[in-house]
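A.B. asks: What follows is each chain in one-letter form.
2 protein chains.
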Amino acid sequence: MEIYKFAYQIIEEAGRIIRDSIDDELHIETKSNPNDLVTNIDKETEAFLTKQILNTYPHHRILGEEGQGRDIEDEAGTIWIIDPIDGTLNFVHQQENFAISIGIFIDGVKYAGFVYDVMNKKMYHCKVGNGAWMNETQLKPLKNSELKSSLISTNPIWLTKDKLADIYKLIIDDARSTRAYGSAALDFANVAKGITSAYLTMRLHPWDFAGGLILVEEVGGVVTNQLGEPLNILEANSILIGNKSIHDELLSQYFLPHTSLLKKIHTERFKKNK
Amino acid sequence: MEIYKFAYQIIEEAGRIIRDSIDDELHIETKSNPNDLVTNIDKETEAFLTKQILNTYPHHRILGEEGQGRDIEDEAGTIWIIDPIDGTLNFVHQQENFAISIGIFIDGVKYAGFVYDVMNKKMYHCKVGNGAWMNETQLKPLKNSELKSSLISTNPIWLTKDKLADIYKLIIDDARSTRAYGSAALDFANVAKGITSAYLTMRLHPWDFAGGLILVEEVGGVVTNQLGEPLNILEANSILIGNKSIHDELLSQYFLPHTSLLKKIHTERFKKNK
Numbered sequence: 072m073e074i075y076k077f078a079y080q081i082i083e084e085a086g087r088i089i090r091d092s093i094d095d096e097l098h099i100e101t102k103s104n105p106n107d108l109v110t111n112i113d114k115e116t117e118a119f120l121t122k123q124i125l126n127t128y129p130h131h132r133i134l135g136e137e138g139q140g141r142d143i144e145d146e147a148g149t150i151w152i153i154d155p156i157d158g159t160l161n162f163v164h165q166q167e168n169f170a171i172s173i174g175i176f177i178d179g180v181k182y183a184g185f186v187y188d189v190m191n192k193k194m195y196h197c198k199v200g201n202g203a204w205m206n207e208t209q210l211k212p213l214k215n216s217e218l219k220s221s222l223i224s225t226n227p228i229w230l231t232k233d234k235l236a237d238i239y240k241l242i243i244d245d246a247r248s249t250r251a252y253g254s255a256a257l258d259f260a261n262v263a264k265g266i267t268s269a270y271l272t273m274r275l276h277p278w279d280f281a282g283g284l285i286l287v288e289e290v291g292g293v294v295t296n297q298l299g300e301p302l303n304i305l306e307a308n309s310i311l312i313g314n315k316s317i318h319d320e321l322l323s324q325y326f327l328p329h330t331s332l333l334k335k336i337h338t339e340r341f342k343k344n345k
Numbered sequence: 072m073e074i075y076k077f078a079y080q081i082i083e084e085a086g087r088i089i090r091d092s093i094d095d096e097l098h099i100e101t102k103s104n105p106n107d108l109v110t111n112i113d114k115e116t117e118a119f120l121t122k123q124i125l126n127t128y129p130h131h132r133i134l135g136e137e138g139q140g141r142d143i144e145d146e147a148g149t150i151w152i153i154d155p156i157d158g159t160l161n162f163v164h165q166q167e168n169f170a171i172s173i174g175i176f177i178d179g180v181k182y183a184g185f186v187y188d189v190m191n192k193k194m195y196h197c198k199v200g201n202g203a204w205m206n207e208t209q210l211k212p213l214k215n216s217e218l219k220s221s222l223i224s225t226n227p228i229w230l231t232k233d234k235l236a237d238i239y240k241l242i243i244d245d246a247r248s249t250r251a252y253g254s255a256a257l258d259f260a261n262v263a264k265g266i267t268s269a270y271l272t273m274r275l276h277p278w279d280f281a282g283g284l285i286l287v288e289e290v291g292g293v294v295t296n297q298l299g300e301p302l303n304i305l306e307a308n309s310i311l312i313g314n315k316s317i318h319d320e321l322l323s324q325y326f327l328p329h330t331s332l333l334k335k336i337h338t339e340r341f342k343k344n345k
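So the sequence lines, in the order shown, correspond to chains A and B.
Just add 71 to the spot in the first sequence (first one is 1) and you have the working numbering.
Just add 71 to the spot in the second sequence (first one is 1) and you have the working numbering.
Do not rely on the hints blindly, as some may be mistaken.
Label pairs and their calculated CB-CB ranges [what the hints assert, rightly or not]: (1) K334(B) - N201(A): 53 to 63 Å; (2) I88(B) - V180(A): 41 to 51 Å; (3) G202(A) - K334(B): 48 to 58 Å; (4) N303(B) - F119(A): 36 to 46 Å; (5) Q80(B) - K122(A): 48 to 58 Å; (6) K102(A) - P212(B): 23 to 33 Å; (7) Q209(A) - S331(B): 48 to 58 Å; (8) H130(B) - N191(A): 40 to 50 Å; (9) D91(A) - K214(B): 39 to 49 Å; (10) P212(B) - K234(A): 35 to 45 Å; (11) K334(B) - K102(A): 35 to 45 Å.
Facing chain B, from chain A, some residues (calculated, C-beta under 10 Å) [unchecked claim]: (12) S220; (13) T231; (14) A236; (15) A251.
Covered stretches of chain A, going by a simulated chain B footprint (3 or more residues, C-beta under 8 Å) [what the hints assert, rightly or not]: (16) 90-100; (17) 325-337.
Don't read these hints as lab results, they were simulated from the structure.
In this text the structure is predicted, and so the values were computed from the model without any measurement.
We treat Cβ as the ideally placed atom computed from N, Cα and C, and that holds for glycine.
One chain only, chain A, in its complex shape (with noise of 0.2 Å):
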């Protein structure tokens, strides 16, 4: 079976199983802070697709947020990096809002993306090349907007860094308005979507964004750090993304002038983090 066929089909799956569990009582344990949650179903799901891949593929690699293949350092070969559930705060507190999220590479490659809204069973997918897809229903390519006529995404705790705040102050004071989901991958999927026009946040881990990515630059959107550099996908990056036209802007008017100030915190943040 094709690889992406085969993807799909094992994220369905886990969705099913996370849907069928989603009232049972949770073992929830703290990770690197009391709001770095992780939870038995993160585990459990995570188990289930590295199985699944592996008894399929036993060659391919695989780098996932609880725990799988954090010693992988080349591209080498098929890798998938997955988020079991990303936006775990979400599930938690609101048993809904999450999604299950997977990127696939061949030797550095993109090659298929995906973002699975479970409760809404809404499956953002693609191959490269083959179209972005909600469903079965074709996702447009984005349109171009300016900053002052959109709708972004970024979660308000920026705003709360110093130095950092001021940056973020100037982009909320000019857009026309603001969203905070909590969750990275459904971020990517509504920019995909055009729900918003553009997702900016200071750290995402590779499982963050690895499907989103596939899926933003499928529909033309752009996808870079807030350097304008392409991202490192066996590394922590920040991130900014949206239309060819607002991320420009984004990255010109709000972030390059401020090139030194986000070097600085780069160095900071991603030094002890793969």
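With chain A held as given, fit chain B onto it using these hints.
C.D. replies: Same frame as chain A, but now just chain B:
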């Protein structure tokens, strides 16, 4: 027919009409500023609801976002407070995530509240004393929670305003995480449903909060302005809602220490507006 059942039916019907025309081209105008939009659908929906109500109840009064009843200055009789489309920016940009909101008051006493998530066909409704419901599912009484382990919602724009930013920064820093959904009525429904634990914003009109106010109180939530006072249903108000515990915490620890600043802002922002 009972007013409550009648209201339910005409809101559902208005929602069906909106869904049927969701792909039609909109006529968009601006109101108070370039981001304050109104469409033909806002106006047509208010006209539809007004006609239905007055045909059946000629003596009822209506206060609506799009112009109905701006001369209402007392709470005598039965008053319908209507927002035909709450979250107009979402309606225009997303074609989803907006709501019809109606609160009904009889001689100033809360009678029934409705928030209809049109595209998801989720009707949040309650007749006071009979519980709050999402479609046929009764909403549970709100659980108490602390800010540090809660999701809250607010618009990030408040973090860009001098002085006010200092209050909002502390709250957002101390919350587990912050969301911004872009529809006040749905923000109230989300608190009633437990999707978020609190919602705060600097200024809503009666049509933005009338339906949600009744829903949130029905599940044991607390609804006040940011000075801890009850909302005046005929005037613009600042808003602080949540489960009892987080409302107490936000009010006593974050807002009341800034009473004089908030009073000044209230006076400046609300003096020219009903």
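A.B. asks: Could you run down the list of hints and mark each one as holding or not?
C.D. replies: The hints, checked one at a time:
Separated by about 59 Å at the C-beta atoms, K334(B) and N201(A) satisfy the suggested range of 53 to 63 Å. The hint said 41 to 51 Å for the Cβ distance between I88(B) and V180(A), and at roughly 48 Å that hint holds. Between G202(A) and K334(B) the C-beta distance comes to about 56 Å, which sits within the given range of 48 to 58 Å. One distance hint, 36 to 46 Å for the beta-carbon pair N303(B) and F119(A), is violated here, with the actual separation near 54 Å.
Checked against the hint of 48 to 58 Å, the C-beta distance between Q80(B) and K122(A) comes to roughly 51 Å, which is consistent with it. Taken as a hint, the range 23 to 33 Å holds for the pair K102(A) and P212(B), whose Cβ atoms sit roughly 32 Å apart. For the pair Q209(A) and S331(B), the beta carbons lie near 56 Å from each other, so the given range of 48 to 58 Å is met. Look at H130(B) against N191(A): about 43 Å separates their beta carbons, and that is inside 40 to 50 Å.
Restraint check, D91(A) to K214(B): a C-beta distance of roughly 24 Å breaks the suggested window 39 to 49 Å. At roughly 43 Å, the beta carbons of P212(B) and K234(A) sit within the given window of 35 to 45 Å. A hinted range of 35 to 45 Å for the beta carbons of K334(B) and K102(A) is consistent with their spacing of about 43 Å. Look at S220(A): its Cβ gets to within about 8 Å of chain B, closer than 10 Å, so that hint holds up.
Interface hint status for T231(A): upheld, as the beta-carbon distance to the closest one in chain B is roughly 5 Å, under 10 Å. Of the supplied interface hints, the one on A236(A) holds, with its beta-carbon coming within about 8 Å of a beta-carbon of chain B, less than 10 Å. Hint status for A251(A) relative to chain B: holds, with the closest Cβ pair at about 4 Å, below 10 Å. With a cut-off of 8 Å between beta carbons, the stretch 90-100 of chain A has 0 residues touching chain B; three or more are needed, and the interface restraint is violated.
Under a criterion of three residues with beta carbons nearer than 8 Å to beta carbons of chain B, the stated coverage of the stretch 325-337 of chain A fails, only 0 such residues being counted.
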